[in-house]
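Let the hints inform the model, and build the full structure from the sequences given.
Listed here are the chains, written in short residue letters.
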Amino acid sequence: MSDDIISHTDVLIIGGGMAAAWAAIAAAKAGASTILVDKGFVGTSGVTATGGPNHWWVPPDPAVRRDVIEKRLEASCGLGDPEWMERVIDTTWRTLPELGRHYAFGTDGKGGTFYSGVRGSEYMRALRAYALETGARILDHHPATQLLVDDDGTVVGAKGHGRLLGRDWEIRAGAVIIATGGCAFRSGLIGSHGNTGDGYLLAAEAGAELSGMEFSIQYTMSPAWASTRTLPYGAARYYDANGEELDVPPRGHEHYQILGKALLAGPVYADLADAPAPLPPILHLIQPFTPPPFARKGIDLFRERWPIKLYGEGTIRGTGGLRIIDDECSTTVDGLYAAGDAATRELVTGAISGGGAVNSAWALTSGQVAGEAAARRALGRRHLSPARAKAVGSVGIHPANSVRDIDRRAIEADVDLHLNGYQRSLFRSGPQLTETLDILDTHWRDLRDHGRADGTALVSLRETVALTATARWCTAAALARVESRGLHVRVDAPDLDPKGGVRLLTGGLENVWTRPESRRFAEAAE
Amino acid sequence: MIAHIFEELCDGCNSCVTICPTHVLDPGSPVPVIARLDQCQTCYMCELYCTSDAIYVAPDQHVVENIDPDIIRASGHLGRIRHDHGWDRAPDAGHRHLDDYRQLGPLLREGGETAARRYRERHGD
Chain E
13 MSDDIISHTD VLIIGGGMAA AWAAIAAAKA GASTILVDKG FVGTSGVTAT
63 GGPNHWWVPP DPAVRRDVIE KRLEASCGLG DPEWMERVID TTWRTLPELG
113 RHYAFGTDGK GGTFYSGVRG SEYMRALRAY ALETGARILD HHPATQLLVD
163 DDGTVVGAKG HGRLLGRDWE IRAGAVIIAT GGCAFRSGLI GSHGNTGDGY
213 LLAAEAGAEL SGMEFSIQYT MSPAWASTRT LPYGAARYYD ANGEELDVPP
263 RGHEHYQILG KALLAGPVYA DLADAPAPLP PILHLIQPFT PPPFARKGID
313 LFRERWPIKL YGEGTIRGTG GLRIIDDECS TTVDGLYAAG DAATRELVTG
363 AISGGGAVNS AWALTSGQVA GEAAARRALG RRHLSPARAK AVGSVGIHPA
413 NSVRDIDRRA IEADVDLHLN GYQRSLFRSG PQLTETLDIL DTHWRDLRDH
463 GRADGTALVS LRETVALTAT ARWCTAAALA RVESRGLHVR VDAPDLDPKG
513 GVRLLTGGLE NVWTRPESRR FAEAAE
Chain L
320 MIAHIFEELC DGCNSCVTIC PTHVLDPGSP VPVIARLDQC QTCYMCELYC
370 TSDAIYVAPD QHVVENIDPD IIRASGHLGR IRHDHGWDRA PDAGHRHLDD
420 YRQLGPLLRE GGETAARRYR ERHGD
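Chains E and L, in that order, are what the protein sequence lines are.
Residue numbering for the first sequence follows my numbering, starting at 13 and increasing by one per position.
Residue numbering for the second sequence follows my numbering, starting at 320 and increasing by one per position.
Just so you know, the hints here were simulated from the structure itself, not pulled from any lab data.
Ideal placement from N, C-alpha and C gives every residue a C-beta, glycine not left out.
Any given hint might turn out to be false.
[Claimed, not checked] A few chain L residues that don't get close to chain E, going by computed Cβ distances all over 12 Å:
| no. | residue |
| --- | --- |
| 1 | GLU326 |
| 2 | CYS332 |
| 3 | ILE353 |
| 4 | PRO388 |
| 5 | ASP389 |
| 6 | ALA412 |
[As the list claims (entries may be wrong)] Partial list, derived from the structure: chain L residues whose beta carbon lies under 8 Å from chain E:
| no. | residue |
| --- | --- |
| 7 | HIS381 |
| 8 | GLN422 |
| 9 | GLY424 |
| 10 | GLU429 |
| 11 | GLY431 |
| 12 | ARG441 |
Put into structure tokens, the structure is as follows:
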């Protein structure tokens, strides 16, 4: 069956959030013909659009930057790379102000411009406009369902389905960038419904490796009925159903463990009486999306207590993703690059999250780096005659057995339970992880044996496949790292292993494997 | 989740269909159709982008809520998010829409410091 839309471009970017947009801008400015295919709409897709990234903002003073990098290296628990940190700081500083033509940066209150913090919706609207201005083409509602590779296994494009057009597409490219975001396992985290790990799956099917998938325990607190942004919540007091105040450490894994344990026993209520006094009258001006979830329920968020939930953030604010093997954001597969939350952020943050500011700066920088590198590669390959291309998707496309209806909701509910459920996630232990992996493997076999669909149904099915695959990699990595380090905390291995300062790689679809990266990084850091 | 598109306000542009990141809506006349409510992530983007302020998103992202359109129309919620963003409005005299945004960082930090101080005092550190 011939695909309805076939095209060729220098650089193909899969994804449509912050990193993808910066990648498109860089590639187009470098002279490459550039197409960006997003599952949703570039401008509203992803967690940046619903958020408000603060960028790691460090002025070009060598002493200041050295100090910042030293502190970051220490915080990374031995897994960060100072060169990458320098690159991220410098690229962010130079690049962000370029957006000024499209983003109305506000004042810094001291006669200057405030650059480092941007509001998500306006930021993504500006990035879309900037990308279009550079000549990049944006194909909204064009989810990718498979990568294309040539006889050598080099990635030469992708194919997918145009949701609004109801037609499949196929695009050949000199270089492909995966910028599909992280995966929150459909916890309900605001903006993350589409972050189902699609890019990890596509890349893994072409043979790519992942790294740091065990550093995936992160949560954000919000009302039980809706995930929101969190500016007002920092000083919250928490109460149980009897009105007893909980003793909650202000930060860290223990903060979430105490809240999670309480939530397992019954409802927990937040009380914002201690919120900064200037905040209530101006919240709607800073975060206009935050008051409506309360106002529309008739709840005064600052004066009433309201029930909470912890929303899992998985590899979005967690640090792992596709393994990057050089300073051009190459994955382990020729022709394939990765940027943003889809790539591992260990290079900059090591074993911890890094906080929003570092994460955003990473997305911007890796987008720029990957975009430039992909453009250079593609421009150098324009003279090559088109290769034979093979689509490498398997599960959901080529069932191993008879086609049967898959209960996607049940599988996704199980993935959410095992990866976001408080007991399993906040109190990780070997036996529980083993049990989880067995259950996920059973779902995988079901999908592998019986899953098959076309059109938009295939898009949804592949999301379930990606969620399951990502859950398996995170769980296998968590099992393999028998220590606690940064975001990865195990109650059966609560201490840091001095020999554990090595990144853990994972991959594989039929059989999930893990192995430590070479000791080279650990030794170089000493 | 998205709960209602007001026919008498909608101008039929179908922008919401395009900008919804999770493909909830189908084009329709007189109003777009809420075709895949289970994919709605309650992000309010449709309200933000609707220049007619014709869309109402109910606050619960897990449970479908039935609303009374007349009550919603009178509530003041319609268009509130777009207005508070200053989304399609020119800035007010001397004040750009994002001029207050720089306060986010300090207010966030202040909240965190309050929590930390409270914990320290409770534990006599």
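(message) Please list, smallest to largest, the hint numbers that this structure does not respect.
(response) Violated hints: none; all satisfied.
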